[in-house]
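*Asks:* Residue strings, one per chain:
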Amino acid sequence: MGGPVMTKAELLARCEELYEDLDLTSVREWKEQNPGGRAVGYLPTYVPREILHAAGVLPVGILGAGEQLEIVRGDACFQSYICHLPRSVVELGLSGRLDVLDGMIFPSTCDVIRNLSGIWRILFPDKYTRYLDVPQNFAPEVGGAFYEVVLRELWSELCALSGREPDDEALRAAITLYDANRKLVRELYDLRAAEPWRAPASEAYLLLRAGMVLPVEEHTRVLAEYLALVREEERAMVDNARVLLTGAFCEQPPLTLIRTLERAGCDLIDDDFMPVLRWLGHDAGDALETDGDPVRVLAEAYLGDEQESACRFVPDGQPKGARLVETVRRRAAEGVVCAAPSFCDPALLERPMLQSALDEAGIAYTAFKYAENTGQMQPIREQAGTFADTIKLWGDE
Amino acid sequence: MKCWVGIDLGSTTTKALVVDDTGAVLGRGITNSRSNYDVACEIARNEAFLDARFTLFARALERHTDLAAHAGLLIESVRLAFRSEQHLYLLSELEAQCRAFAAELADPRRAKAALDEIFEGMREVAASLFEPGTKPRSDFFRDIAGSQYMSLAEGVAETTKLPFETLLGVYDKSILAVESHVPASSLQDLIERALEVALGSYRISDALKADLRSAVQGVVEMQLVETQTVGTGYGRARLPFRKEFIRSEILCHGLGAHALFPGTRTVLDIGGQDTKAIQVDGRGVVTSFQMNDRCAAGCGRYLGYIADEMNLGLHELGPMAMCSRRPVRINSTCTVFAGAELRDRLAMGQRREDILAGLHRAIMLRAMSLISRSGGVHEEFTFTGGVAKNEAAVSALRQLVEESFGERTINISPDSIYTGALGAALFAVREEFAEAGAVSMAAGGPA
Amino acid sequence: MKANIVKEASMQRQKDMIAAHFELLARAHETGRKVVYTFVPGNLTELMLAFDTLPVHPEINALQAGMRKQSAGYIAEAERAGHSEDVCTYVKCDIGMMMKGNIGPTGQKLPEPDLLLLSYTGCFTFMKWFELLREQYECPVAMLHVPYQSTGRAEPAMIEYVVKQLRTEVIPKLEAVTGKAFDEDLLRTLLGNSVLAEDDLVHVLESAKHRPSPIDAYFGGVYYIGPLFTAFRGTPEAVEYYRMLREEVDARQAQGLGPITPEGPIDDERFRIVVEGPPNWTHFREFWKMFYDERAVIVASTYTKVGGVYDRGFRHDPERPLETLAEYCLGCYTNLDLATRVEMIVGYIEDYDADGFLINSIKSCNSFSAGQLVMLRAIEERTGRPGCFIETDLVDPRYFSASNIKNRLESYFQMLAQKQTGHEPVEAAS
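So the sequence lines, in the order shown, correspond to chains A, B and C.
This note's numbering puts the first residue of the first sequence at 1, with every later residue one more than the last.
This note's numbering puts the first residue of the second sequence at 1001, with every later residue one more than the last.
This note's numbering puts the first residue of the third sequence at 2001, with every later residue one more than the last.
Here chain A stands alone, though its shape is the one from the complex:
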């Protein structure tokens, strides 16, 4: 996305194009421009993209096919009570759309994503397939040590794929690059929280989605350009309800759903879409100065408790939902939308705990389920509209 500076409309149009492109054309182009370069897909919620980058591999976030793809072979693999994401991922794979990828990484998000790694091995025996266990024990010498081994294995496997040697310098550089990217992602969220009308969720979402397929350097540029453009822009202030969305960390709602929420009067000032972009809340690279081992730096950055996620164990003494309540307060949100994909075990089992924390804190919330291919917006429009009205009318009481 280099070349002449784009207007905001052009920038967003390009991001939407990337969002809609199920054939991963941009990845194909990247491979053409980078002979010998490898591209590896990964599923939500978290993978250490720095390791991929350091191995000369383009990380490609695979978030399903939204509402765009008819599912035949994907449905053949899954019972009706399993969420939608793995169906479209299988469909993408079997229809050849993922052929450009040299492998796939399945993180330990839930049983379905876990088992999808096994399905992948059976369906695509010739492709590199990796299941990635992240630790649920957060002591550096226990979970950290285990995770370090996992990261080193991953790194050497990816290097074998790309024909490189693991090189600490490359990993340090990658950590710095992703830190820079995370910094701008944080700025984008801060901007949304401060002046949501400047960077509406539907725009920010497209921008973040671009980070799933673009090389990190380019994505960072896109973020910077967008931020510069919207900061200058004269945009009318809109007085919407300030809400935080939670539960959408894996299967994504369709863009139309995000737009529907906005039109219904909800400004999504924070969310948990694509947690991979924000998992390491602080700059991991800060530790590089004191610790010479970049793998350990990356492993320990993961152990920090910045990210509250349904997929991550909360040790004793840290009440569930505390982080959510804290974020609501910090962002001055007026309510929470608990959105969860149908049949999403982590999000739906988490929900009652979050809701009781919200109840206790006196924070309003509304809840619904969606699927990545939800086509019917009418019920959501009504629900979100009512929620926004409630907040606006009675929020100050």
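These are computed hints drawn from the structure, not numbers from a lab.
Any given hint might turn out to be false.
[What the hints assert, rightly or not] Okay, derived cross-link-like pairs now, BS3-like style, lysine-lysine, Cα gap no bigger than 25 Å in a straight line: (1) Lys320(A) / Lys2100(C); (2) Lys2109(C) / Lys2069(C); (3) Lys2209(C) / Lys2419(C); (4) Lys2419(C) / Lys1243(B); (5) Lys2100(C) / Lys2069(C); (6) Lys2034(C) / Lys2164(C); (7) Lys1002(B) / Lys1243(B); (8) Lys2289(C) / Lys1243(B); (9) Lys2015(C) / Lys2069(C); (10) Lys31(A) / Lys127(A); (11) Lys2069(C) / Lys2289(C); (12) Lys1243(B) / Lys2406(C).
Note that this is a predicted model, so its numbers are computed, not measured.
Assemble chains B and C onto chain A, guided by the hints.
*Replies:* Leaving out everything else, chains B and C in the frame of chain A:
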């Protein structure tokens, strides 16, 4: 003559089929399934035996040197005349029932006047229903009589000042009564009358007419011995048969499709309640199968909901969908939400035909997934069941089979609705010829 | 049929063991014994017993509630409290039961936990389950994260990780709760007992290789695994129980007898089937009947491996007490990758000479279910033997459609019969 019978007790229709000792089809019968399964079976079976006599009649004519040339036309006129006679007979039964119920109404005189008018109108139309070249809207008396009654009753309700609902109630009770007992019509009588009607418009010599009458006589008098009957279908457990004479739909559809198209290796059957994808070997023996899960989306019944929601006849959905030029993409075929989704889309300004085309494709997508689960389509493919009559469904299927599995031969028999019954009948023949002592298909486990 | 009911001595023995255990639980607070809730897969029973704690298994309570037709009410209770219709019904049944006073299967109130031992093995829902319980009971959770064997191997780093967690997380929390010091020698002794029982269980399960099989390895199997998969592994009672069971099964086999069912023994088995997936508990008898009415015997099942895969050679090793517990956890069935599961089932079909296999796909249990349709195709391709696929649930009666399942099973058995008799269908000339 020895005959074997297959009965397929489906959720919507009950089918019966009679074969001879070579497995050749002699006759078919169909009726709508109803609360009384015995009656449904009996009606379908009677119809199939009747149809068998027409087949035997045709065989007799074909053996006759001078009549063979006329056989096709002759049989057709006799058949139409017969259907007309049969219709009139059922109409009189219906009328009798209606009058009996009407007599109990608050204002029996007014009701009688209304019925006089309605049934007069129905009899008037009845004569023209079965003229050569006409195609009745439905094979079922219930459908034909029902729509006539409704349209006449609307006018009559105006003139007699009797509420339309009252007339409707009379009809609903009466048709149930007519349907739930086996018509006691005399076969011989009806056929002979039909023959005379048909001959009335035929110019052939008296000698030939005499030959014809004796051929009919021979067929009518022929003893058709029901040697063995095998039952199948969704409601098979309710059939009054011994367990060893009941076969699963899967096996029957597999064998039936094989009999119709011996090259068949994959069978898709979309019935009212479930969808089945079946793989068979070169002998029609089932090697694997998959059925839809708990959810009824993608079954025939789903189309029924849609038809109700759109206030259309089931048979009208396909033709309307075929008019679509820009099918709508529909992601969910959830039966529960079908109505709301439809209304929502219509409100959004989408065209009925485009929505319908999208729905047909969505249903066939589900079927494709089941076929995939069962192993895919590698060779000849046969589509059976009631939905195979729906041209929009067939068109979506052809497209999807090609997209998903490549170019394949797709067989659809005009008699596809009888596939299960055919399989059952062939199992009946086999049961008869299976060696004594061979392992029976039924398990006599602890009772 | 009453006359045919055969109650074997081992069954009574097991009943007595369970009754005694619940008696201890009911009196735990007066006797001062500490109560630890934990899960069947990856259960660390010997370790818990080494601290003299009493284990409670919420899954077992839930399945018992299912068999006693109480689960529907409990699930409804949890759903009213905001739990989604979509999620695991074991969890909802357990939470509903808790909300209704936590009355266990014997009618006695279950004691509250002093510790939730979250052996996070082969099921992501376990984590959410105990997070939910922690909110209610306000007691500590000991998290033992057991990595997934995604390539079918327990790598040294995984074993080391689990052992470290045992040392730094699980044992310290058990010590804190009980006030007792960890006694490794006692643990070794208990593990020694485990091996004896494990040997006998494997012997019993493998008896199904005989024709006719003297056992049903699924409907009967769920009883056989009871003591070893729950509170008794490592105890002398378990050793005795399995010795007894083994002798009974050997005797049946010697006499050429088939498995026992609620309506008498099946002495002339007609179909030999391998089953993948847990049973449905709300209609356990009705479901079982669909098999024994057809004289179909389950000769091997994967469900009897959820609390430990012993028939592929694993035994607890008293010489390496913590390492062996780690290896045990890592090797539980639902912690294995799909390819290994396919491998196991293919092996069962061949070794037990099965006519085919059934997948009972459980709505609640994605750990089992996600991927089963792909496994089905893979197993059919590898063995050439047909699979049957049905869908039910663990303890939610709304997901057991008897007519639907019967229809499928009937079709399946008829298909197998058609293959067995192999007579040519009559060719039609229509």
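*Asks:* Does each hint fit the structure? Answer for all of them.
*Replies:* Each hint, compared with the structure:
1. Lys320(A) / Lys2100(C): 24 Å, holds
2. Lys2109(C) / Lys2069(C): Given that 25 Å is the threshold and the Cα spacing comes to 18 Å, the pair holds.
3. Lys2209(C) / Lys2419(C): 21 Å, holds
4. Lys2419(C) / Lys1243(B): 19 Å, holds
5. Lys2100(C) / Lys2069(C): 15 Å, holds
6. Lys2034(C) / Lys2164(C): 24 Å, holds
7. Lys1002(B) / Lys1243(B): 22 Å, holds
8. Lys2289(C) / Lys1243(B): 16 Å, holds
9. Lys2015(C) / Lys2069(C): 19 Å, holds
10. Lys31(A) / Lys127(A): 17 Å, holds
11. Lys2069(C) / Lys2289(C): 18 Å, holds
12. Lys1243(B) / Lys2406(C): Roughly 14 Å between the alpha carbons, so the hint for Lys1243(B) and Lys2406(C) holds.
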